[in-house]
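Single-letter residue listing:
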Amino acid sequence: MFSDELEKISWEETTQTIQAKTTKDVEDALSRAHNQLTVDDFMVLISPAAQPYLEEMAQLSRQYTQMRFGKTVSMYVPLYLTNSCTNSCIYCGFQHSNPIKRIILSDDEIMNELKAIKKIGPFQNLLLVTGENPREAGVDYIENALKLAQPLFNNLCIEVMPLSAEEYHRLTQAGLYGVVCFQETYNKVNYNIYHPRGMKSKFEWRVNGFDRMGQAGVHKIGMGVLIGLEHWQTDVTMMAYHLRYLQRNYWQTKYSVNFPRMRPSENGHFQPNVIMTDKEYVQAMLAFRLFDHDVDISVSTRENKEFRNNILPLGVTSMSAGSRTDPGGYATYPQALEQFAVSDERNPADVEKDIHQHGYEVVWKDWDVILQ
Amino acid sequence: MENLILGDKTFSSRLFTGTGKFSSNTLMQQAIAASGSELVTVALKRVDVEDKNDEMLNHIALPHVVLLPNTSGVRNAKEAVFAAQLAREALGTNWIKLEIHPDPRYLLPDGEETLKASEELVKLGFIVLPYVQADPVLCKKLEEIGTAAVMPLGSPIGSNNGLQTRDFLRIIIEQSKVPVVVDAGIGAPSHAAEAMEMGAAAVMVNTAIAVSSDPVQMAEAFKLAVQAGRMAYEAKLGKQSMGAHATSPLTAFLSE
Chain A
1 MFSDELEKIS WEETTQTIQA KTTKDVEDAL SRAHNQLTVD DFMVLISPAA QPYLEEMAQL
61 SRQYTQMRFG KTVSMYVPLY LTNSCTNSCI YCGFQHSNPI KRIILSDDEI MNELKAIKKI
121 GPFQNLLLVT GENPREAGVD YIENALKLAQ PLFNNLCIEV MPLSAEEYHR LTQAGLYGVV
181 CFQETYNKVN YNIYHPRGMK SKFEWRVNGF DRMGQAGVHK IGMGVLIGLE HWQTDVTMMA
241 YHLRYLQRNY WQTKYSVNFP RMRPSENGHF QPNVIMTDKE YVQAMLAFRL FDHDVDISVS
301 TRENKEFRNN ILPLGVTSMS AGSRTDPGGY ATYPQALEQF AVSDERNPAD VEKDIHQHGY
361 EVVWKDWDVI LQ
Chain B
1 MENLILGDKT FSSRLFTGTG KFSSNTLMQQ AIAASGSELV TVALKRVDVE DKNDEMLNHI
61 ALPHVVLLPN TSGVRNAKEA VFAAQLAREA LGTNWIKLEI HPDPRYLLPD GEETLKASEE
121 LVKLGFIVLP YVQADPVLCK KLEEIGTAAV MPLGSPIGSN NGLQTRDFLR IIIEQSKVPV
181 VVDAGIGAPS HAAEAMEMGA AAVMVNTAIA VSSDPVQMAE AFKLAVQAGR MAYEAKLGKQ
241 SMGAHATSPL TAFLSE
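In the order they appear, the protein sequences are chains A and B. For the first sequence, the residue numbers in my numbering are 1 to 372. For the second sequence, the residue numbers in my numbering are 1 to 256.
The hints are simulated quantities; they were obtained by calculation from the structure and are not laboratory data. All figures in this text were calculated on a predicted structure; none of them were measured in a lab. No residue lacks a Cβ here, since even glycine has one placed at the ideal position from N, Cα and C. Any given hint might turn out to be false.
[Claimed, not checked] For each label pair, taking beta carbons as the anchor points, the in silico distance ranges come out as:
hint : chain 1 : residue 1 : chain 2 : residue 2 : range
1    : A       : G217      : B       : V49       : 24 to 32 Å
2    : A       : R32       : B       : S248      : 29 to 37 Å
3    : B       : F253      : A       : R32       : 56 to 64 Å
4    : A       : F182      : B       : A90       : 31 to 39 Å
5    : A       : H358      : B       : D103      : 58 to 66 Å
6    : A       : D28       : B       : Q164      : 19 to 27 Å
[Unchecked claim] With the Cβ distance kept under 8 Å, some of the chain B side facing chain A (calculated, not the full set):
hint : residue
7    : K45
8    : R46
9    : G73
10   : V74
11   : E79
12   : P104
13   : R105
[Stated by the list, open to error] Straight line, CA to CA, 30 Å or less: simulated BS3-like cross-link-like pairs of lysine-lysine:
hint : chain 1 : residue 1 : chain 2 : residue 2
14   : A       : K220      : B       : K45
15   : B       : K52       : A       : K119
16   : B       : K45       : A       : K254
17   : A       : K254      : B       : K116
18   : B       : K52       : A       : K353
19   : B       : K52       : A       : K147
20   : B       : K45       : A       : K118
21   : A       : K220      : B       : K9
22   : A       : K115      : B       : K52
23   : B       : K45       : A       : K353
24   : A       : K118      : B       : K52
25   : A       : K115      : B       : K45
26   : B       : K78       : A       : K220
27   : A       : K147      : B       : K45
28   : A       : K254      : B       : K177
Whenever a hint applies, use it, and build me the whole structure from the sequences.
Listed below in structure tokens is the structure:
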């Protein structure tokens, strides 16, 4: 299990190692980038020493991305099934103690949402999202939602609470393709500051969830850290370790990485501890692409239109569009509370138009239920 | 230039092309036209076979082009056989490019599962074109089972690294009774020409055309390289020799 591997890696030493990287380290790593780089090389590429090399990294990143993925971007859309949650993540609008209206979509409401999504774009990749409420929206509920969605979407992923290997396996039988789960932060010492109560406070259960996904044979595993909690360079390095570990152990699985940035809050909610600049975000993305030519790099609508357009050729391979991050937001309850503020509010057709203008083709469908 | 007979069809072009990675479907269509290719592969997972207006299928529905669905995405023989049957039903062709790569990173083919699936698909009446490692023994076994061709790789898919497996490709070509189509890794027209000079029946090219800055011109470059390589093969290449010619013959004594 990855928790055993993580024990062997010191957070503080990793942080120091990254800071100590030199120009020579960067040039050495770049000269080897055609072959697979090590986690140590990754640390070099996200270090302050690599910042003057962003253009060179970007050129390589574009080249490797195009070789592997072509001039294409795959498109997905999230569907929030519920904002009901027993966790207390201090940065999240859905946290248990927040006095908001809790919604768990019924079968009819789910069908309405699915049909509404189909009206805004020819989506085939659907991400079903829930909070963590095993009693009222547990694995049975998720399984049912997958079955409802399957006739309309060829590729079904979930972003829900960590499950057991048996449960993941059961969901693959119901049409599940991939699982997205955010570790949020790999800093085990501080993890509980952000996740004080509920199942999510159990660091090991969450971090080993990825092993369980691999054991269950899901086709794709999406990983993520939330930028804004801990030192970002160290957190993405831990994710790079985790990615290599998973690839060696679960070699039949595809992987994606996410590292969304938390925005400063204007209304007295949680303020991020760390601000990642656009330049740093790009650096992290380029470093992931050079570290792994095949990993799917996903950018959500948290990022704004201009920025998403600009980073398109730098290594991005999938994007969401037209997203509503509140349950029922497409058709049923258009005014409910969002989990996070969407910065890119273009409709999918406009996103597609912009992607075409940048010389890329949108891939709506890259999976078929018959292959399940 | 001799025509290529493959399965129950005759082809004047020995360049096969793919449909992935293009920056637009229009450009893909133009590139296919410029390549002169008469056999185009398409991933079943990328098309909606139930949609009459499927963008990709419409763009490759050209009169002189044979559609070759592939099973990309399957992880074992069972899934491959299932996918092939659906492709046959939906697209009305019994041609199948069998791709079984359980490893989603380098997309390297699983020989064991490919052999199993080929056996079954041949029995079910398919024209099977299996994507395989450049493994001469596996290629002979596939031929014995009845595949229409073998498609060994030159180097990993999308790598543009050329014929890294050339020693094994030579053996496969030397031994094979079915057409040998070099698939994957061909990154430049010179690589394609090399494969054709070696005696490959055809080559399959996708990434090198699709991600070039000018896919249409690159497609034409590949067309010419494949023709040149084939013509050279048919005209029989002169021997290459680095050594000097001996001045004192070693066997002159025999005619004394």
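Okay, the hints, checked on the actual structure:
At roughly 26 Å, the beta carbons of A:G217 and B:V49 sit within the given window of 24 to 32 Å. One distance hint, 29 to 37 Å for the beta-carbon pair A:R32 and B:S248, is violated here, with the actual separation near 52 Å. The hinted window of 56 to 64 Å between B:F253 and A:R32 holds, with their beta carbons roughly 58 Å apart. Taking 31 to 39 Å as the suggested C-beta distance range, the pair A:F182 and B:A90 conforms, at roughly 38 Å.
Between A:H358 and B:D103, the C-beta spacing of about 31 Å breaks the proposed range 58 to 66 Å. Separation of A:D28 from B:Q164 is about 25 Å and conforms to the stated range, judged on CB atoms against 19 to 27 Å. A distance limit of 8 Å between C-beta atoms decides the matter here; for B:K45 the minimum to chain A is near 5 Å, and the interface restraint holds. Interface restraint check: B:R46 against chain A, minimum CB-CB distance 6 Å, threshold 8 Å, status holds.
Hint status for B:G73: holds, given a least beta-carbon distance of 5 Å to chain A, under 8 Å. At its closest, the beta carbon of B:V74 sits 6 Å from a beta carbon of chain A; the interface hint therefore holds under the 8 Å criterion. For B:E79, the suggested interface contact is upheld, since its CB lies about 6 Å from the closest CB of chain A, less than 8 Å. At a threshold of 8 Å, the smallest CB-CB gap from B:P104 to chain A is about 4 Å, leaving the interface hint in force.
This hint holds: B:R105 has a C-beta 5 Å from the nearest C-beta of chain A, less than the 8 Å allowed. Simply put, A:K220 and B:K45 have alpha-carbon atoms about 15 Å apart, close enough for the 30 Å limit, and the pair holds. Taking the CA atoms of B:K52 and A:K119, the gap is about 18 Å. The hint holds against a cut of 30 Å. Note on B:K45 and A:K254: the hinted pairing holds, with a Cα-Cα distance of about 16 Å set against a maximum of 30 Å.
Note on A:K254 and B:K116: the hinted pairing holds, with a Cα-Cα distance of about 25 Å set against a maximum of 30 Å. Annotation: proposed proximity of B:K52 to A:K353 holds, straight-line Cα distance about 23 Å (limit 30 Å). Pair hint B:K52 plus A:K147 holds up; C-alpha atoms about 25 Å apart against a cutoff of 30 Å. Under the criterion of a C-alpha separation no larger than 30 Å, the hint pairing B:K45 with A:K118 is consistent with the structure, at around 19 Å.
A threshold of 30 Å between alpha carbons decides the hint, and for A:K220 with B:K9 the separation of about 39 Å lies outside it, so the pair is violated. Note on A:K115 and B:K52: the hinted pairing holds, with a Cα-Cα distance of about 20 Å set against a maximum of 30 Å. Distance check on the hinted pair: B:K45 and A:K353 sit about 24 Å apart at the alpha-carbon level, within 30 Å; holds. Restraint check for A:K118 and B:K52: satisfied, since their Cα atoms lie roughly 17 Å apart, inside the 30 Å limit.
Distance check on the hinted pair: A:K115 and B:K45 sit about 22 Å apart at the alpha-carbon level, within 30 Å; holds. For the hint pairing B:K78 with A:K220, the CA-to-CA distance comes to about 20 Å; that is within 30 Å, so the pair holds. Proximity of A:K147 to B:K45 is assessed by CA-CA distance (about 20 Å); at most 30 Å being required, the pair is judged to hold. Annotation: proposed proximity of A:K254 to B:K177 is violated, straight-line Cα distance about 37 Å (limit 30 Å).
Checked against the numbered hints above, the structure breaks hints 2, 5, 21, 28 and satisfies the rest.
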